[in-house]
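> Sequence:
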Amino acid sequence: MRSLYFIPQPTLSRMVSSDQLPKNYDFAEVEERWRKTWRDEDHYFDRNSKKPQFVIDTPPPYPTGNFHIGNALNWCYIDFFARYKRMKGFNVMFPQGWDCHGLPTEVKVEELNHITKNDVSREEFRKMCRELTEKNIAAMRITLRKMAFSTDWSNEYITMTPKYYSKTQLSFLRMLASGYIYQDEHPVNYCTRCETAIAFAEVSYEDRETQLNYFDFDGVEIATTRPELLAACVAVAVHPNDERYTKLKGKTMKVPLFGHDVPVIIDEAVDPAFGSGAVMICTFGDKQDVHWWKQHNLALRKAIDRQGKMTAIAGKYQGLNTTDCRAAILADMKEKKILHKQEKLAQRVGTCWRCKTPIEILSERQWFIKIKPDEIQKAAHEVTWYPEHMLLRMENWVEQMEWDWCISRQRIFATPIPVWFCKKCGELAVPDEKDLPIDPTLTKPKHPCKKCGSTEFDGEVDVLDTWMDSSISVMNVTGWDGSGKPPYFPAQIRPQGHDIIRTWAFYSILRAVALTGSRPWDQILVNGMVLGEDGFKMSKSRGNIIVPEEILVKYGADALRQWGAMGAATGSDIMFNWNDVVSASRFQTKMWNITKFALIQLEKGGFDNDTPVIALADRWLLVRLSDTIEQVSKAMESYQFDTALKAIREFAWDVLADNYIELVKGRLYQQDASRASACLVLHTAFDALCRMLAPFTPYFAEECYSYFNPGQSVHKQPWVSFTYEDDAARKEGNTLIQVVAEVRKYKHDNGMALNAPLGKVTIYAPHSVNDEGDTGRTLNADVHWRTDVAKLDRVISDIEFNRSIVGKTFRKEGQAFMDAVKALSPEQLANPPKTIQLGGTEVALPENVFTPKYSYMEEGAKVDVLTVGDVIVTIAKKE
RNA sequence: GGGCCCGUGGUCUAGUCGGUUAUGACGUCGCCCUUACACGGCGAAGAUCGCCGGUUCGAAUCCGGCCGAGCCCA
Numbered sequence: 001m002r003s004l005y006f007i008p009q010p011t012l013s014r015m016v017s018s019d020q021l022p023k024n025y026d027f028a029e030v031e032e033r034w035r036k037t038w039r040d041e042d043h044y045f046d047r048n049s050k051k052p053q054f055v056i057d058t059p060p061p062y063p064t065g066n067f068h069i070g071n072a073l074n075w076c077y078i079d080f081f082a083r084y085k086r087m088k089g090f091n092v093m094f095p096q097g098w099d100c101h102g103l104p105t106e107v108k109v110e111e112l113n114h115i116t117k118n119d120v121s122r123e124e125f126r127k128m129c130r131e132l133t134e135k136n137i138a139a140m141r142i143t144l145r146k147m148a149f150s151t152d153w154s155n156e157y158i159t160m161t162p163k164y165y166s167k168t169q170l171s172f173l174r175m176l177a178s179g180y181i182y183q184d185e186h187p188v189n190y191c192t193r194c195e196t197a198i199a200f201a202e203v204s205y206e207d208r209e210t211q212l213n214y215f216d217f218d219g220v221e222i223a224t225t226r227p228e229l230l231a232a233c234v235a236v237a238v239h240p241n242d243e244r245y246t247k248l249k250g251k252t253m254k255v256p257l258f259g260h261d262v263p264v265i266i267d268e269a270v271d272p273a274f275g276s277g278a279v280m281i282c283t284f285g286d287k288q289d290v291h292w293w294k295q296h297n298l299a300l301r302k303a304i305d306r307q308g309k310m311t312a313i314a315g316k317y318q319g320l321n322t323t324d325c326r327a328a329i330l331a332d333m334k335e336k337k338i339l340h341k342q343e344k345l346a347q348r349v350g351t352c353w354r355c356k357t358p359i360e361i362l363s364e365r366q367w368f369i370k371i372k373p374d375e376i377q378k379a380a381h382e383v384t385w386y387p388e389h390m391l392l393r394m395e396n397w398v399e400q401m402e403w404d405w406c407i408s409r410q411r412i413f414a415t416p417i418p419v420w421f422c423k424k425c426g427e428l429a430v431p432d433e434k435d436l437p438i439d440p441t442l443t444k445p446k447h448p449c450k451k452c453g454s455t456e457f458d459g460e461v462d463v464l465d466t467w468m469d470s471s472i473s474v475m476n477v478t479g480w481d482g483s484g485k486p487p488y489f490p491a492q493i494r495p496q497g498h499d500i501i502r503t504w505a506f507y508s509i510l511r512a513v514a515l516t517g518s519r520p521w522d523q524i525l526v527n528g529m530v531l532g533e534d535g536f537k538m539s540k541s542r543g544n545i546i547v548p549e550e551i552l553v554k555y556g557a558d559a560l561r562q563w564g565a566m567g568a569a570t571g572s573d574i575m576f577n578w579n580d581v582v583s584a585s586r587f588q589t590k591m592w593n594i595t596k597f598a599l600i601q602l603e604k605g606g607f608d609n610d611t612p613v614i615a616l617a618d619r620w621l622l623v624r625l626s627d628t629i630e631q632v633s634k635a636m637e638s639y640q641f642d643t644a645l646k647a648i649r650e651f652a653w654d655v656l657a658d659n660y661i662e663l664v665k666g667r668l669y670q671q672d673a674s675r676a677s678a679c680l681v682l683h684t685a686f687d688a689l690c691r692m693l694a695p696f697t698p699y700f701a702e703e704c705y706s707y708f709n710p711g712q713s714v715h716k717q718p719w720v721s722f723t724y725e726d727d728a729a730r731k732e733g734n735t736l737i738q739v740v741a742e743v744r745k746y747k748h749d750n751g752m753a754l755n756a757p758l759g760k761v762t763i764y765a766p767h768s769v770n771d772e773g774d775t776g777r778t779l780n781a782d783v784h785w786r787t788d789v790a791k792l793d794r795v796i797s798d799i800e801f802n803r804s805i806v807g808k809t810f811r812k813e814g815q816a817f818m819d820a821v822k823a824l825s826p827e828q829l830a831n832p833p834k835t836i837q838l839g840g841t842e843v844a845l846p847e848n849v850f851t852p853k854y855s856y857m858e859e860g861a862k863v864d865v866l867t868v869g870d871v872i873v874t875i876a877k878k879e
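Quick note, the first sequence lines up with residues 1 to 879 if you use our numbering.
Heads up, some of the hints might be wrong.
[Stated by the list, open to error] Result set (DMTMM-like, lysine to aspartate or glutamate): computed pairs, CA atoms no more than 25 Å apart in a straight line: (1) LYS370 <-> ASP481; (2) LYS36 <-> GLU603; (3) LYS590 <-> ASP522; (4) LYS309 <-> GLU395; (5) LYS540 <-> ASP481; (6) LYS146 <-> GLU32; (7) LYS745 <-> GLU630; (8) LYS163 <-> ASP267; (9) LYS370 <-> GLU662; (10) LYS372 <-> ASP267; (11) LYS665 <-> GLU637; (12) LYS251 <-> GLU268; (13) LYS634 <-> GLU364; (14) LYS108 <-> ASP119; (15) LYS378 <-> GLU395; (16) LYS731 <-> GLU742; (17) LYS451 <-> GLU433; (18) LYS309 <-> GLU364; (19) LYS747 <-> ASP782; (20) LYS254 <-> ASP271; (21) LYS537 <-> ASP573; (22) LYS822 <-> ASP870; (23) LYS537 <-> GLU742; (24) LYS812 <-> ASP793; (25) LYS540 <-> GLU209; (26) LYS344 <-> GLU364; (27) LYS665 <-> ASP573; (28) LYS370 <-> ASP271; (29) LYS853 <-> ASP749; (30) LYS127 <-> GLU460; (31) LYS634 <-> GLU662; (32) LYS336 <-> ASP261; (33) LYS372 <-> ASP324; (34) LYS127 <-> ASP458; (35) LYS378 <-> ASP404; (36) LYS834 <-> GLU800; (37) LYS834 <-> ASP870; (38) LYS747 <-> ASP627; (39) LYS745 <-> GLU813; (40) LYS108 <-> GLU195.
Simulated from the structure, these hints should not be mistaken for lab results.
Could you put the whole structure together from the sequences, leaning on the hints where they help?
Below, the structure written as structure tokens:
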């Protein structure tokens, strides 16, 4: 019936004496002490290990200098399962990367030094960026350590180091050779402030109000929001069914102010209801223009340059920026009396996600990576997604990809594109792989031009998109060096936020497939965003930003980590809530007191592993513990941290502290064999709690565990594997708990203190119960357990139906059936017949379909009667 | 405009492949300092489960529509 597979051996002789436990739990002191005690080596991935590997492709954060709360949530999840997997016997790699390159650091360097990137040499500027980045990384490492993340610092990687970016360059050369990477002149999103091309993933959208200008275009009215692009007009488009314009078919028209001729094209995508129904196509006003331009093979007229100034084709407007040019052209239109009207229009403008400047679409020579949707979809489906629905976001993103990935940037602090161009013939030259990393602006190729033999080259000045660095994080951590499949590939899991599914996850899958032919990870765990206390995304303008450091100072890392686990179901957005942090901290206080109580009791000794467990409460606690362990383990396997921690807390607080300990307290104060049983159970439960809490509250769990096992770390113990089966104990124990609760309520209702003496209490239960006197001591009453039937007059006051059975059996006749049962005589209800009359027919009465509810009449002795299921409790009334 | 997710006591939330009394926390109110804990214990009040309709013996749960919020994208 029951089995004890594992009860930890108590090491009584080595326990710390209870008088050494501080009265209150001082998280600040404890957390700092363990931080200094723990050794980094304990978290190193062991390359010679025989254990199964568990490699985590952790997100490399951008080194801003501040580890924000969204990062914190993300890392909490990682650390929960990293610690859990270690306890489960896996060889875990929890690397820490830093995604260094990119615009924000360049902007910050310019700001801090009051320079622009053109004021110093490229190398000098890079040096400044590197130095700032190193400083920021150092600051963020401190927060990571405070949070007790079990980082594998032997596998730290920094994308700006030659070690890392030579891999980025190697991956570039490999994908260039395999045809994934090509260069082409093509329209790209371009930020004229940052002076660089950007990818769609880097375009954000903002609501702005603009003016829709109606003007005369060679006799036809056209509405445009961008008159400054008139010089770049290459066609006029109308809808095929728009009768106003059918006569224009096949004609050409003269562009006002500029005078060049453009064709009229017919296209169903034109909205006849918008503006005048005729639209001018410019290269390029928006994405739709690019579409039409490609589809109708139109001319290319570049009116805006990389600095956002008008080009030579803009004639007298050359050199103006777009805003000034717009004003000038509108003024000229007014003067020529061709501007009919202007109206306000709400519109969404694509802007640079870094600096919020509206993006232009410019046609430039750029480097691209081919996007092959089918192979990305296939690999994405081979990965297990948590939560499952996040896969949809990937599917939707891949489906709507229109352009290839533009990977070149016209910036400085980034991985150089490792190619040269022959000065004579323009042929591309690439370095030998063994010479990587290289900066083509500083070095020359070792071989003459393959085509013309020239030794004169220009180095590529463009650099790589930062995602080119971070999208091979998984290649890096799994040990890729270009020679075949990496030794630890694929990684077991990728944890990340849902905001970067379309970037980091998408690019990582693309690159893994391109470089190895298969999926990068077995699983992906997607966490939600952290919202402010007001339910909105944290932002400076809303003033709802909470930083981890603030929480660490007030409540400590363990409380913050508990918030991360419990705030919301894994994958949902989570609102920051001080309340949750406070209750997390209260839970620690409660557990601290449980620790104290356990230590005070257990240090007295008198028990060992062979102590028989007999008392009902003890058996019940072990069953509940076994249930909890099963529940928590199951939740951990599917990354349901909220479920896991909730179950742990409920067991510790409700089951162990409020019920079990209250019940056995009196027994523990005595000295006999039944005390030993309680001690063994208490120790078993406490030990299991420490282990289950270890992934969530590493400092706290270590501190509690250390008092019982000095010199040993809970983090080096295996995960709990204790099971205990005893259905009778579960059922009878639950009843016992309810009886105690009912009697307490009875005392409360009668204005008695909970510890007030109660006199004689008789419990009539169907089975004999050995409670070792727990119930009597807890209730402060003279408790008698009896298995005979209580001699009481009782009447049936109500009938409780099992609607599940009623509905399934009688369907539409359900109500009629219940009425028929209620009409039975009290004798029949007490001893139900096998059949019952229903609508004139005899039908079988299902088993357990109803339970009579009794109310009791006093007999000779004056008693109050409580009922708990099939148990009757009588309380002798005091005269 | 599209996609995803969500709407449950004052607040936040569990439950959602239908079934007995809708979970817990915070807050509120009452009682209790019982040799681990007042940073605690016990108890109470408080919910037409967003709205409307449908399916069903039975809907917080399934379906449709509407309203509202958030996130991602065009």
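> So which of those numbered hints doesn't the model satisfy?
2, 3, 4, 5, 7, 8, 9, 10, 11, 13, 23, 24, 26, 27, 28, 31, 33, 38 and 39
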